[in-house]
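Residue numbers for the sequence shown, in numbering that gives the first Met the number 0: 0 to 293.
Source of the hints: derived by calculation from the structure; they are not laboratory data. Just so we're clear, the structure is a prediction, and the values are computed from it rather than from any experiment. It cannot be assumed that every hint is accurate.
Stated by the list, open to error - Calculated cross-link-like contacts (lysine to any residue; reagent style SDA-like; alpha-carbon spacing at most 25 Å): (1) K105 with K154; (2) K105 with S60; (3) K105 with K175; (4) K92 with S197; (5) K105 with K92; (6) K105 with E128; (7) K175 with D195; (8) K291 with V20; (9) K175 with E203; (10) K291 with S34; (11) K32 with A196; (12) K32 with W51; (13) K105 with A196; (14) K92 with N81; (15) K32 with L13; (16) K291 with E27; (17) K92 with R262; (18) K32 with G280; (19) K291 with M69; (20) K92 with L13; (21) K175 with R212; (22) K105 with V22; (23) K32 with T292; (24) K32 with T281; (25) K32 with S7; (26) K291 with V254; (27) K154 with R262; (28) K32 with F103; (29) K32 with S65.
Stated by the list, open to error - Computed Cβ-Cβ distance ranges for the label pairs, DEER-style: (30) N113 with D279: 45 to 53 Å; (31) A23 with D214: 37 to 45 Å; (32) V58 with R186: 25 to 33 Å.
Each residue gets a CB set at the ideal place from its N, CA and C atoms; glycine is no exception.
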Amino acid sequence: MRIYLDTSDLIDLLERDNAGVTVAEFREFLVSKNSSIVLSNQSINELIAPLWEPGGRTVVSRVLNSLEEMPHEWIDITRLPNREVQAALVATKAGTDYIPPDPFVKNYVATIINAPSLLNLYLNYPLSEIAFDLWRTGTFDPRAQKARHVGNYRKLIRTDRAVVTSMNDRHAARQKLLSDRIIERIRTFRLYNREDASNDALFENTSAQIIARPDWAPALKLVFATFHSLVDDVGDKLQDGDLGDLSHAFAVPYVDRFTSDRRISSHIRRACQTMNVECDGTLVRNIEELIKTN
């Protein structure tokens, strides 16, 4: 069983001793269930954020050492949506079945975009040492990234709300927005082969196939639908942490259990209903509920 834990659950377990179970007991649970924690670059970035806080009291190295002692795997959710769209492009062009990408990678460094080359030279390098090396580079400050991305996120919320409310058919509006985003992703990240650079028909057909087929690019579509659950819920006050929660949601179609806070979990459930996919068995509230139900 692959288990993706919300960062707050990891902190409750590893730092606050407030998860309803000790670290040793949870490790024993994982072993007894032949299970592993699934970790991402986003998870670690949030765990090591105290390194950038002057006077922070969290002992980051102790937290990461405790985490590394547990059965764990690594998922690259940063590159995943591009890889899903690339797989869809290949299938559409060749007229073959969609082959989903394998998002699981060998270690933490493999999840980092533009990781310092020095990190790739170390074998069995402790997670805590990698984190401190990233901190020393000064280029991975999560505060600056968050400030930049949150502003864009709020602007996108306003833009999509305006588009959806301007059309009589809200479903058609969301389909059009999703299609535009897929085609924009193909072009921005140059996911096509060189000979297809101007093949607009291929891009449009790929977008149509992704939207029409439930098993094509499931992570990309789930996060889009979750985002639009937030867009539609004008009574839900947007929070700066929403962007991080959305990035974690890319893992949902690729894991067996996924924990999230009650609010974001409700938006993911609503997204699953919109997509007509089953996710109730995957979503659990926290570690305590995970253990009770498994």
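Checklist line | Given pair status - G280, K32, alpha carbons within 25 Å | finding: It holds: about 16 Å lies between the C-alpha atoms, which stays within 25 Å.
Notebook entry, point to check: Under the criterion that the straight-line Cα-Cα distance not exceed 25 Å, is the pair K105, S60 satisfied?
Noted result: Holds, at about 21 Å.
Item checked: 25 Å Cα cutoff - pair K154, R262 -> Distance ~21 Å between K154 and R262 Cα, so the pair holds.
Margin query: What's the verdict on K291 and M69, does the C-alpha distance respect the 25 Å limit or exceed it?
Written below: holds (19 Å)
Note to self: So if I understand the rule, the pair passes when the alpha-carbon distance is 25 Å or less; does K105 with K92 pass?
What the structure shows: violated (30 Å)
Check: CA of K175 to CA of R212, is that 25 Å or under?
Finding: holds (16 Å)
Checklist line | Proposed proximity, D195 with K175 (alpha carbon, max 25 Å) | finding: holds (23 Å)
Check: Has the given pair, K105 with K154, been kept, meaning a C-alpha gap of at most 25 Å?
Finding: The given pair, whose Cα atoms are some 36 Å apart, is violated under the 25 Å limit.
Notebook entry, point to check: Does the structure keep K32 and W51 at a Cα separation of 25 Å or less?
Noted result: violated (36 Å)
Notebook entry, point to check: Given the hint that K32 pairs with A196, does the C-alpha gap stay at or below 25 Å?
Noted result: violated (48 Å)
Item checked: Given pair status - F103, K32, alpha carbons within 25 Å -> Given pair K32, F103 holds - Cα atoms ~20 Å apart, limit 25 Å.
Notebook entry, point to check: Taking only the CA atoms, is the gap from K92 to S197 under or equal to 25 Å?
Noted result: holds (14 Å)
Violated hints, listed in ascending order, are 1, 3, 5, 11, 12, 13, 17, 20, 30 and 32; each of the other numbered hints is respected by the structure.
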